[in-house]
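Chemist: Each step along the sequence shown adds one to the number in UniProt numbering, with nothing skipped, and position 56 is 56.
Accuracy of the hints is not assured; some may be wrong.
[Unchecked claim] In silico lysine-lysine, DSSO-like type, Cα no more than 30 Å apart, as pairs:
| no. | residue 1 | residue 2 |
| --- | --- | --- |
| 1 | 6 | 171 |
| 2 | 193 | 122 |
| 3 | 171 | 193 |
| 4 | 122 | 175 |
| 5 | 175 | 6 |
| 6 | 193 | 209 |
| 7 | 171 | 122 |
| 8 | 6 | 122 |
| 9 | 6 | 193 |
[Said to hold, decoys possible] Label-pair distances were calculated between CB atoms; the ranges are:
| no. | residue 1 | residue 2 | range |
| --- | --- | --- | --- |
| 10 | 210 | 176 | 38 to 44 Å |
| 11 | 5 | 240 | 19 to 25 Å |
| 12 | 49 | 111 | 18 to 24 Å |
| 13 | 245 | 213 | 22 to 28 Å |
Rather than coming from a laboratory, the hints here were simulated on the basis of the structure. Using N, Cα and C, we set each Cβ at its ideal position, and we do this for glycine too.
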Amino acid sequence: MSTTPKIALVTGGSRGLGRNAARHLAQSGHDIVLTYRTRADEARAAVAEIEALGRRAVALPLDTGVVASFPAFAEALGAELQQHWQRDTFDFLINNAGIDSRGLFAEMTEEAFDALLNVHFKGVYFLTQRLLPLLADGGGIVNFSTGLARFTTPGYSAYAAMKGAVETLTKYLAKELGGRGIRANVVAPGIIKTDFTAAAREAHPELEKYMAGQTALGRIGEPDDVGGVVAFLCSDAARWVNAQRIEASGGYSL
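Could you put the whole structure together from the sequences, leaning on the hints where they help?
Modeler: Structure below.
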């Protein structure tokens, strides 16, 4: 078995579920490239956390909602791969970066819709396309969706629709990239205790209790409930798992 470490790129890997996924990947023996949008301090802390586990890590700035920035990002990524790993490719792309924007269908603005679209679907689509030459044959793609693509919560029609598009895209990626041995799968979390959901939980103090009551396992999720699923999908144990949607919601709304 090769001892050469695999390299995983985690967008939005400086905080929340992305940071947790990066840590689980590092614990599984992967080296990490993570991206951040504005908080360089959080990115440095995430890198230090990964390095403390004995893995290499670098952080690069990226706004996944700005497609025009992707060529420069790909060039910077290529330079980092050469400098730190003497490689031209990385092995796993984790499309995790996201923003939260709630709004009832009747009240959703075009501006808020476009912001969600740019990050959650257009950005995922064209960043993956741009990075294909750098993604190693036999590697993998893990796209983040949401449990809201299966069950419904008022206020998330736009967000969930973008994630539904990502789920369909993932099947096409699996089909079109299969010839290169690249797998593509979806992880769909339920509500998780992160800063991503903090605003909704603070605005509706009863939300957590309600969601826990609707979940078979009797609680809402923690980041550690999801990071391990990502690490599994980026392991040899998942080599025959392709074009699948894995929901990590504790059995919500069954």
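Chemist: Now tell me, hint by hint, if it's right for this structure.
Modeler: Hints, one by one, checked against the model:
1. 6 to 171: holds (24 Å)
2. 193 to 122: The hint holds at about 26 Å.
3. 171 to 193: holds (29 Å)
4. 122 to 175: Satisfied, since the Cα-Cα distance of roughly 19 Å is no more than 30 Å.
5. 175 to 6: Holds, because 23 Å separates the two Cα atoms, which is no more than 30 Å.
6. 193 to 209: holds (12 Å)
7. 171 to 122: holds (16 Å)
8. 6 to 122: holds (27 Å)
9. 6 to 193: holds (29 Å)
10. 210 to 176: 38 to 44 Å: holds (41 Å)
11. 5 to 240: 19 to 25 Å: holds (22 Å)
12. 49 to 111: 18 to 24 Å: violated (35 Å)
13. 245 to 213: 22 to 28 Å: For residue 245 and residue 213 the Cβ distance comes to about 24 Å; the hint holds.
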